[in-house]
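**Student:** Taking the working numbering, the leading residue of the sequence shown gets 1229, the next gets one more, and so forth.
The reader is advised that the hints may include incorrect statements.
As the list claims (entries may be wrong) - Computed cross-link-like contacts, SDA-like style, restricted to lysine to any residue with a CA-CA straight-line distance of at most 25 Å:
| id | residue 1 | residue 2 |
| --- | --- | --- |
| 1 | K1249 | P1262 |
| 2 | K1317 | P1333 |
| 3 | K1317 | N1294 |
| 4 | K1249 | P1316 |
| 5 | K1317 | R1327 |
| 6 | K1249 | N1294 |
| 7 | K1317 | L1280 |
| 8 | K1249 | L1293 |
| 9 | K1317 | D1296 |
| 10 | K1249 | S1267 |
| 11 | K1249 | Q1276 |
| 12 | K1317 | W1329 |
| 13 | K1317 | L1334 |
| 14 | K1317 | L1293 |
Said to hold, decoys possible - Using C-beta positions, here's what the derived DEER-type ranges look like:
| id | residue 1 | residue 2 | range |
| --- | --- | --- | --- |
| 15 | D1311 | R1273 | 49 to 55 Å |
| 16 | A1282 | A1315 | 44 to 50 Å |
| 17 | R1265 | L1313 | 17 to 23 Å |
| 18 | L1313 | R1273 | 39 to 45 Å |
| 19 | A1315 | S1264 | 46 to 52 Å |
| 20 | P1316 | S1264 | 17 to 23 Å |
| 21 | A1315 | Q1337 | 41 to 47 Å |
Everything labelled a hint here was simulated from the structure, so no lab data went into it. We put the beta carbon where it would ideally sit given N, CA and C, even for glycine.
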Amino acid sequence: MKGSARVGPGFFPPELVVQIKALACELPSAYQQPLSRWSVSDLSRYAQRCGLVATISQSTIWRWLNQDAIRPWRYRCWIFPRDPLFAPKAGRVLDLYHRIWDGQPLGEQE
C-alpha cells in the first residue's frame, strides 16, 4: 500500500478510500496486528503508522465504511462463524431448547 496525499482540506483521493476499505475487509492478523477484527480507531492508527496517510479521523473512516450497502468487513466479524466445530457446539445448546440432552428427551423436572 502506497502513501496518498490529501487533495485538499478534508478531501482524500479515491485511491485512499479504496485502500482503507480493502484493509477493513482483511483480518488484522494478515498485517501482524494482534486483533480479532478492526475497529475504526485501529484502522486510523494503522493507516497512519504504515504511511497510507499522515492523519485521518476515525469519523472519516466510519463515514466511508458506512456509505456502502455491502459491508464485507462485517462478514468475518459475526455473520458467519469461523470455528469449524461451531455446528456441533451450537447443536448441543439448541438441543436443550428442544428439551433434548445426548439424544434423549428431558423429563418434566429436568
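**Student:** Each hint: holds or not?
**Tutor:** To see whether the hints hold, each was checked on the structure:
1. K1249 - P1262: holds, 19 Å
2. K1317 - P1333: With a Cα-Cα distance of about 18 Å, the restraint between K1317 and P1333 holds, given a limit of 25 Å.
3. K1317 - N1294: Violated, because 33 Å separates the two Cα atoms, which is more than 25 Å.
4. K1249 - P1316: violated, 34 Å
5. K1317 - R1327: Holds. K1317 to R1327 sits at ~16 Å (cutoff 25 Å).
6. K1249 - N1294: Given pair K1249, N1294 holds - Cα atoms ~10 Å apart, limit 25 Å.
7. K1317 - L1280: violated, 41 Å
8. K1249 - L1293: holds, 7 Å
9. K1317 - D1296: Answer violated: K1317 to D1296 is near 34 Å, above 25 Å.
10. K1249 - S1267: holds, 12 Å
11. K1249 - Q1276: holds, 15 Å
12. K1317 - W1329: Judged against 25 Å, a Cα distance of about 13 Å means the pair holds.
13. K1317 - L1334: holds, 19 Å
14. K1317 - L1293: violated, 33 Å
15. D1311 - R1273: 49 to 55 Å: violated, 28 Å
16. A1282 - A1315: 44 to 50 Å: holds, 46 Å
17. R1265 - L1313: 17 to 23 Å: holds, 20 Å
18. L1313 - R1273: 39 to 45 Å: Given range 39 to 45 Å: violated, Cβ gap about 33 Å.
19. A1315 - S1264: 46 to 52 Å: violated, 21 Å
20. P1316 - S1264: 17 to 23 Å: holds, 22 Å
21. A1315 - Q1337: 41 to 47 Å: Taking Cβ atoms as reference, A1315 and Q1337 lie about 30 Å apart, which means the hint is violated.
When each numbered hint is compared with the structure, violations occur for hints 3, 4, 7, 9, 14, 15, 18, 19 and 21.
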